[in-house]
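> Residue strings, one per chain:
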Amino acid sequence: MTDIFGQTLNLNYVLLLPEIVLLIFSMLVIGIDAFKRQLNISGNVPVGLALAGLVVALTLSILQVNMDEDFARLIQVDSFTSFFRILFIAITLVLIVGSHEYIEKSVSHVGEFYGLLLLATVGAMLMASARELLTAYLAIELLSFSLYIAVSLARSDRRSGEASLKYVLLGGVASASLLYGLSMIYGVTGATQYHEISAVLSAGDTGLTTPLLLGLVLIIVGLGFKASAVPFHMWTPDAYEGAPIPVTAFLSATSKAATIALFLRWFGGPLLPIASDWQFILSGVAVATMVVGNLVALQQVNIKRLLAYSSIGQMGYMLMAIVAVGSGFGSDATSAVLVHLAGYIITNLLVFISVTHFFNQTGQEEITSFKGLAQSNPYLALMITAGLFSLAGMPLLVGFFTKFILFQAVVSAGHLGLVTVAVVASTVSLYYYLMVVRQMYLYEPEDGTEQWRLSLTGYVTTLALFVSLVVFGLWGTPLYAAADAAAAGMF
Amino acid sequence: MESETALYVNYLPVLLGGVVGFILVFTALIGARLLAPFSEENQKSTTYECGMLPIRRASTNIGMRFYLYAILFIVFDVEVIFIFPWAMSFLNVGVFAYWLMVLFIGVLALSLGYAWKKGALQWR
Amino acid sequence: MIPIEYFLTLGAILFGLGLFGVLSRRSAILILMAIELMLAGVSINFIAFASYLDTDAFSGLIFALFVITVAAAEVGLALGIVLRLFRERRTSNVDEASDMRW
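Chains as they are written, first to last, in our numbering: chain A, 887 to 1377; chain B, 1361 to 1484; chain C, 153 to 254.
Any given hint might turn out to be false.
What the hints assert, rightly or not - Beta-carbon label-pair distances, calculated as ranges:
#1 B:Gln1482 - A:Val941: 34 to 44 Å
#2 C:Pro155 - A:Asn952: 45 to 55 Å
#3 B:Phe1436 - A:Val1187: 17 to 27 Å
#4 A:Gly1093 - B:Leu1468: 41 to 51 Å
To be verified - Covered stretches of chain A, as calculated for chain C (at least 3 residues, CB under 8 Å):
#5 986 to 996
#6 1047 to 1056
#7 1301 to 1312
What the hints assert, rightly or not - Here are some, though not all, of the chain B residues that point toward chain A, as calculated from beta-carbon distances under 10 Å:
#8 Arg1393
#9 Val1467
#10 Leu1470
#11 Tyr1474
#12 Lys1478
Quick caveat, the hints were computed from the structure, so don't treat them as lab data. Virtual Cβ for every residue (Gly too), placed ideally from N, Cα, C.
Using the sequences provided together with the hints, build the complete structure.
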């Protein structure tokens, strides 16, 4: 197959199989849900189908780990792509297994919900694998649109619609400004392929500094919104609070990781030659994100909002490492970001799934409602404590290991000032994580010390996440090796 | 210089179309005004001249329900954006592109079927 | 030929008007229309660049096509969400949807 310029196009559809499988299964889930009355099927079919699709896609992605090939010059399947594919599919898998009780109880339109989660996963996977601006943009919108709807699906919760409205309106503005920025980049370089943009920009001064700078600023605004970087974070706490808890977890894990993947692809690839132009903007954003995210978290009373601000703070650390990517330490800084991302996601999923089960039992999400959890459910209290300590970066847990790698990479790139801010910020973060721990351990439960248990799937997922939290904290080599291989694919 | 005259030559049909359209519409309007019988009664300004007397204001908000139809319409409205360039280059792109377009329209038809099944076309 | 600056200025004006509309309007529907205006500015930019850079390079034009499509999808989606909010609270003004602060 050749394109109109006579260049050969590689149309090897096998490369896209994980995405295609997920798409087909998401359509199946949604379609079967629409006909559930005629087909007379049980309520477990949608979740079963979704899980089957995810498992097949995961197997296919694992089989493609060592590929390095492009599809029609639109999508690059390399080790970087494989890293994120496996990560995203695993997140969705763990989330569905860990919180299916919540989804069946507190989410309206269950079938569509599973379908949307699969679609969002596909969008995230394509964001990490795109090698062309239009493909990347469509992937962003696939992820965002699925999440706009998923946020609004909390059953009988007035906040859900409001959260979704804020998310969709601000998201629309953000993608408009991202597109305007992309049009500027396209206008200056005349290309949408990453490697062509990179070639034009590294060939020397284009003489068009103003449009280029305008484009950069607008791209950072657009992506910063998706990554909820300060000052574009205003939607984050509201969307997190109003959304169903699994969607909140998805927002804080997949959506953020996909944005960081895109940041790495763009700022470590096509935009790397003009690093000096965007580095100072991005370091400002990173500092503001770390400081504001962690300081505003101090006064939160709702656990979802607390975790929202905590994830904003975490984004600040990762943006800081992207500044380091621009300083010529691309490979090291990239693998550091990937390690931290993986550790952050494991930890965050543990916290969110535990909170989901807490909500299933009590129906509350205020921090004060965690009073005495250590007595009524010591196992869950331990899980949440471990997760929060890991987020704060306590030694022996994965959060410490990944943060150490990340800060080290940024320091060796010569950004000591940024790391100083990050260290202070993460010390502050320990305070608000401890507020939750204090509620659980130092107070008596309000409504008796009646013991309660999790469901079987709840135990399995939290235990698996907890074990990886501890194991990777003590022995992070496999994580680092995977991230290193992924980063090597990009540089 | 030549390109500029070419620009005007290209513009001429558009201008012509605009002028003719303007004239047509206004002849119709003015002709109706001149030729049609016209009376100055109050009844003329009611919503339905021959029906019952209106009970409320005629200008109410359009029901939110119409948005559903608008959204479904947009799907097939925007479809044209892709069909048009496809049709223009159809002879160059071959059979493969034909089946791709069939697939594309098939997916859209599926979406309509889904909306139908979900009762979006029902007036409730 | 008309200089490309004219088109870019038009695009920038549309984008700016849209941004102003987003910031100054209260009704969710009007904000959506303002976002459409911003996207129209973007499309004009892409088409202008595509036709001035190189007559063989379609990427800008294709980009514009997809921007229009995605914008339509976004409006459909956002209207659905506004509809839901309207059913719950009988309003589509964003400043009245303020259960959550800080």
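> Now tell me, hint by hint, if it's right for this structure.
Outcome of the hint check:
1. B:Gln1482 - A:Val941: 34 to 44 Å: The hinted range 34 to 44 Å holds for glutamine 1482 (chain B) and valine 941 (chain A), with Cβ atoms some 37 Å apart.
2. C:Pro155 - A:Asn952: 45 to 55 Å: At 51 Å between Cβs, range holds.
3. B:Phe1436 - A:Val1187: 17 to 27 Å: violated (48 Å)
4. A:Gly1093 - B:Leu1468: 41 to 51 Å: holds (45 Å)
5. 986 to 996: With 0 residues in contact (Cβ-Cβ under 8 Å with chain C), the coverage given for the segment 986 to 996 of chain A is violated.
6. 1047 to 1056: With 8 residues close enough to chain C, the hint holds.
7. 1301 to 1312: Since 0 is below three, the answer is violated.
8. Arg1393: violated (45 Å)
9. Val1467: Holds: closest Cβ of chain A sits about 9 Å from valine 1467 (chain B), inside 10 Å.
10. Leu1470: holds (8 Å)
11. Tyr1474: Where the cut-off is 10 Å and the nearest Cβ of chain A is about 6 Å from tyrosine 1474 (chain B), the hint holds.
12. Lys1478: This hint holds: lysine 1478 (chain B) lies near chain A, its Cβ roughly 6 Å from the closest one there, short of 10 Å.
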